[in-house]
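In order, the protein sequences belong to chains A and B. Letter by letter, the first sequence follows residues 1 to 115 in the numbering used here. Letter by letter, the second sequence follows residues 1 to 111 in the numbering used here.
For the record, the hints were derived by calculation from the structure and aren't laboratory data. Errors might be hidden in some of the hints.
Label-pair ranges, simulated between beta-carbon atoms [said to hold, decoys possible]:
(1) A/40 / B/39: 16 to 26 angstroms
(2) A/40 / B/82: 25 to 35 angstroms
(3) B/68 / A/87: 37 to 47 angstroms
Ideal Cβ placement from N, Cα and C applies to all residues, glycine included.
Residues per chain are reported as follows:
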Amino acid sequence: DAGVIQSPRHEVTEMGQEVTLRCKPISGHDYLFWYRQTMMRGLELLIYFNNNVPIDDSGMPEDRFSAKMPNASFSTLKIQPSEPRDSAVYFCASSPDRGDNQPQHFGDGTRLSIL
Amino acid sequence: TQLLEQSPQFLSIQEGENLTVYCNSSSVFSSLQWYRQEPGEGPVLLVTVVTGGEVKKLKRLTFQFGDARKDSSLHITAAQPGDTGLYLCAGENQAGTALIFGKGTTLSVSS
Chain A
1 DAGVIQSPRH EVTEMGQEVT LRCKPISGHD YLFWYRQTMM RGLELLIYFN NNVPIDDSGM
61 PEDRFSAKMP NASFSTLKIQ PSEPRDSAVY FCASSPDRGD NQPQHFGDGT RLSIL
Chain B
1 TQLLEQSPQF LSIQEGENLT VYCNSSSVFS SLQWYRQEPG EGPVLLVTVV TGGEVKKLKR
61 LTFQFGDARK DSSLHITAAQ PGDTGLYLCA GENQAGTALI FGKGTTLSVS S
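Build the full structure now, drawing on both the sequences and the hints.
Dropping the structure here:
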């Protein structure tokens, strides 16, 4: 079975540019999560969706960040304009349900470098 | 604020040694999950512990959930280079709206 697919795997761009990260969750999973991982702060939840609807975006750092899920098989995380401090690895994860026993299935991440 | 503190932050050992890593909190969690993350990949779930005092074994890995459900440990017997990676513990916040991750223990096993 295909896992969570993220693209691109690596992105290097100059500050001020728009960055779009993409995610295809596992088919049949109702929940989709976007995380950011840095050495300093570890893995932080940015936003999550249930059935394509954003439920909690309290982790989104600033208005420069936005996320959409137009359908059950696709989500985007956009940064506009990008800044060097946005450099991190961004992960998308999906799960069939919420709850203590529900594992989250992670993609392999997008390593973003803003110069 | 619920936090999960993991220790040690880094651990470098030789093949064949035993080790234990810890995940501690001042808050009670209904369950804790352990993930392993290898370089260039996303975290992969190893196990979920649910009941206070529970012990789960996964081959050479032994996971324990504290009686008070505030802490957990992972013990690896006879570590192998394939065990190298970042070990993360995670638990749901009290509102049930987010999974909180510890910062992890980076394990390096050399042959």
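Tested hints:
1. Under the hint 16 to 26 angstroms, the C-beta atoms of residue 40 of chain A and residue 39 of chain B, about 18 angstroms apart, fit the expected range.
2. Taken as a hint, the range 25 to 35 angstroms holds for the pair residue 40 of chain A and residue 82 of chain B, whose Cβ atoms sit roughly 28 angstroms apart.
3. Range check, residue 68 of chain B to residue 87 of chain A: Cβ separation about 39 angstroms, and the 37 to 47 angstroms hint holds.
When held up to the earlier numbered hints, the structure conflicts with none and fits them all.
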